[in-house]
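Undergrad: For reference, the chains in residue letters:
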Amino acid sequence: MTDLIVALALASFLLPIAAGLAIQLAPVARLSGRVAAAAAGGTAACALALSALALDRAEPTKVLKLGVVDKPGAIFLAAIAVVGLMSVWLSPSYLVTTGRGFFPAERARSWYYLMLFLFWAALLAVPLAANLTSAWLLVEATTGASALLVAFNGKRSALEAGWKYLVLTTIGLTVALLGIVVLVAAARGRAGGLALADWSELGERTAAIPHGPALTAFVLILVGLAAKIGWAPVHNWLPDAHSEAPPPVSALLSAALLPAVVLVAWRVKTALLPAIGAPAARHVFIGFGLASLAIAVPFLWRPLAWKRLLAYSSLEHMGVLALGIGFGSKLALAGVALHVLGHALAKSLGFYAATPLLQLQPAAARHSPRGLARTSPTLGGAVGVSLLTLSGLPPSPLFVSELFILLGGALSGQTAVVAVAAVLLALAFLGLAHAFVESLVGRPRLHREHAAATRPLAVAAAAVTAGLVALSSTAYLLPGSTLVAELWRWSS
Amino acid sequence: MIGPSEWTLVALALGVVVVRRRSTAIVLVTLQSLLLAAVALALAPGRNTEFLAASVALVAKALLVGSLLVWTLRRTREQRPLVEDFAPLVRAGVAVALAIAASALVPHVGLEHRGSEPAAISLVVIGIAIVATRKATLIQALGLLVAENGVAFAASAAAGGIPLVIELGVLFDLIVIVVVATAFHERIFGELGSGDATLLRGLRD
Chain V
797 MTDLIVALAL
807 ASFLLPIAAG
817 LAIQLAPVAR
827 LSGRVAAAAA
837 GGTAACALAL
847 SALALDRAEP
857 TKVLKLGVVD
867 KPGAIFLAAI
877 AVVGLMSVWL
887 SPSYLVTTGR
897 GFFPAERARS
907 WYYLMLFLFW
917 AALLAVPLAA
927 NLTSAWLLVE
937 ATTGASALLV
947 AFNGKRSALE
957 AGWKYLVLTT
967 IGLTVALLGI
977 VVLVAAARGR
987 AGGLALADWS
997 ELGERTAAIP
1007 HGPALTAFVL
1017 ILVGLAAKIG
1027 WAPVHNWLPD
1037 AHSEAPPPVS
1047 ALLSAALLPA
1057 VVLVAWRVKT
1067 ALLPAIGAPA
1077 ARHVFIGFGL
1087 ASLAIAVPFL
1097 WRPLAWKRLL
1107 AYSSLEHMGV
1117 LALGIGFGSK
1127 LALAGVALHV
1137 LGHALAKSLG
1147 FYAATPLLQL
1157 QPAAARHSPR
1167 GLARTSPTLG
1177 GAVGVSLLTL
1187 SGLPPSPLFV
1197 SELFILLGGA
1207 LSGQTAVVAV
1217 AAVLLALAFL
1227 GLAHAFVESL
1237 VGRPRLHREH
1247 AAATRPLAVA
1257 AAAVTAGLVA
1267 LSSTAYLLPG
1277 STLVAELWRW
1287 SS
Chain U
3 MIGPSEWTLV
13 ALALGVVVVR
23 RRSTAIVLVT
33 LQSLLLAAVA
43 LALAPGRNTE
53 FLAASVALVA
63 KALLVGSLLV
73 WTLRRTREQR
83 PLVEDFAPLV
93 RAGVAVALAI
103 AASALVPHVG
113 LEHRGSEPAA
123 ISLVVIGIAI
133 VATRKATLIQ
143 ALGLLVAENG
153 VAFAASAAAG
163 GIPLVIELGV
173 LFDLIVIVVV
183 ATAFHERIFG
193 ELGSGDATLL
203 RGLRD
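Taken in sequence, the protein lines are chains V and U.
Be aware that the first sequence starts at 797, since it is given in the numbering used here, and climbs by one per residue.
Be aware that the second sequence starts at 3, since it is given in the numbering used here, and climbs by one per residue.
Think of the hints as simulated: they come from the structure by calculation, not from any bench.
One or more of the hints may lead you astray.
Covered stretches of chain V (in silico footprint by chain U; criterion: 3 or more residues with CB under 8 angstroms from a CB of chain U, positions within the stretch not fixed) [what the hints assert, rightly or not]:
(1) 809-815
(2) 828-837
(3) 1009-1022
(4) 1174-1185
What follows is a set of in silico ranges between Cβ atoms, one per label pair, in the way DEER data are often shown [said to hold, decoys possible]:
(5) V/Arg1251 with U/Gly195: 38 to 44 angstroms
(6) V/Ala814 with U/Thr200: 39 to 45 angstroms
(7) U/Pro109 with V/Arg1285: 53 to 59 angstroms
(8) U/Ala55 with V/Lys861: 52 to 58 angstroms
(9) U/Gly195 with V/Ala1161: 47 to 53 angstroms
The structure presented is a predicted model; accordingly, all values stated were derived computationally and were not measured.
The beta-carbon is built from N, C-alpha and C at its ideal position, and this holds for glycine as well.
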């Protein structure tokens, strides 16, 4: 069984890289799309099988000293696998709309797939990283490929978004790296070499580090990672990058990259808990969570362009995850696990809807969409499912997960924080509900008469809806499950 | 106590804050990277061979990144000098104030040479100040390098250094970032006819 896990872990990482390189050799565009689709299917199958095995096993499995397959990682790995698969499969619908951009037109498609697969490979490896420095290297490795993808269409606004993303997230990760160096330096003579210690070993050894340097390291690492997660107030790149990137890439950024880095932050919290104490760790996470919610809510009330609205919704939902991890109770952690999966499905569907939306209503690139139910029922349906789920409307899985997190916070004694968060979530719900009404039943904007290709979106919407229904109908089992019990034991 | 090498590293970073020409800024950062590598090589005799290899990698990085930046600069000559929003003295004042404040805030963390701590933190902060206050995309990319040099300096000043595999991983990631940053710079230059980051201020809510 261990050999199978190691093989699946390696395949999940190496297959997309090989596919990206192989596509460079494809002589015709259609062939590159087929190779990409097949490779994505294989990669996602390996990653999902790995995730299932990890959830089934009692103990984590090491992969060649550099990787670990455990339950927290398995949840995030599943989300990244599904979003990556859908992003690759829906890329042809986007690519037919593009010409010359950041790359020369004749090579744009192969460069796109190379960057997309490299980005996805790094993302799939993040939940499997066995130690802090490997995780940092992988998170940093996502930056180069994803920055080029953000600027893929080559327009001035895309260049601005890509440059901002590259510079701000690199600065953030440099600060996080300084935190790692501080941690390693502080541990010398007390806890031995920490740089390559795996997560559990790191937790045991950091107990010997004095509180001051440990807290400094923790804050530097968290602030640096926050810049990549897009937690307020270091979120400036997020709305621009999400709105300018190709829709399949926006889906990966929002539904896979941000949660993957949240997992690294969660692992750092767990590992440094003995050195910094639970209150300090909780305060930092709750601070980022409330700040992100408070900054996101006013934007969710504004008539923003579709992808920018989704970007601010990402800010809100990453804030919810921060609160859940900060509360740290069993119920809150059940909420975090459910929220990661539900958000991944609903948010990616929203971004996939942007491709036909922009074909049908080009003005939606800068203004809020209107009257989609009349213009295109398929598109309206996808936008509706995405928005209603993201708003937290019952019985969507995000309603259940937010309820779990708030109740979990109340049970852990954070009543005031829960009250503020509940008000902010209610306001966010109202903002997105208003956007839902405007987008679907408002008066349609001027639109192109020719039909946009909505068949791939219809398939994705059906699959996502089935996934969301499955999550909602099984969510009630989570709080009492062994999975959550083990997550809580690991996290405490 | 802060030694002459630390002062020189910080002075070179401040030079990037104030100089007008991009070519001068590239020379200053390359010198800083080479000095950093020299400091690491000087520490190598008392440490293991891994540290020596990491120090040699720092030399290679300095030369490789410097060459790439000079090559990019030659391909993207500005028609006229960029006029900065803030005067050099104001930029330097902001960078120094931020560096002093950050150095005072961060407690002693246990680097082998205590004077290295404020120097490393100052380099990171000055790197961020360069990104925030300079207009040229190429100089903003240099700001990232200055900040990364601060972390590399802290890593080499930590007792025993950082394992080679990590140093190499960080250097590889850094080189990828610099390659991507120069690709962006060339594309921005091609699109706007200038590497002026302030021309990229169209996205607002």
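Undergrad: With a Cβ-Cβ cutoff of 8 angstroms, does the segment 809-815 of chain V contain at least three residues near chain U?
TA: violated (count 0)
Undergrad: Return holds or violated for the Cβ distance of U/Gly195 and V/Ala1161 against the range 47 to 53 angstroms.
TA: Roughly 25 angstroms apart at Cβ, these two residues miss the hinted range, so it is violated.
Undergrad: Starting from the hint 38 to 44 angstroms, judge whether the C-beta atoms of V/Arg1251 and U/Gly195 obey it.
TA: holds, 42 angstroms
Undergrad: Quick one: see if chain U covers the segment 1009-1022 of chain V, three-plus residues with Cβ-Cβ under 8 angstroms.
TA: Since three or more residues must qualify, the claim that chain U covers the segment 1009-1022 of chain V holds, with 3 doing so at under 8 angstroms.
Undergrad: Mind checking, does the segment 1174-1185 of chain V have 3 or more residues with a CB under 8 angstroms from chain U?
TA: violated (count 0)
Undergrad: Would you say the C-beta atoms of U/Pro109 and V/Arg1285 sit inside 53 to 59 angstroms of each other?
TA: violated, 32 angstroms
Undergrad: Quick check: the segment 828-837 of chain V, covered by chain U? Criterion 3+ residues, Cβ under 8 angstroms.
TA: violated (count 0)
Undergrad: Against the range 39 to 45 angstroms, how does the distance between the Cβ atoms of V/Ala814 and U/Thr200 compare: consistent or not?
TA: For U/Thr200 against V/Ala814, whose Cβ atoms are near 42 angstroms apart, the range 39 to 45 angstroms holds.
Undergrad: Within 52 to 58 angstroms: is that where the Cβ-Cβ distance between U/Ala55 and V/Lys861 falls?
TA: Given about 20 angstroms between the Cβ atoms, the range is violated.
Consistency with the previously given hints fails for numbers 1, 2, 4, 7, 8 and 9, ordered from lowest to highest.
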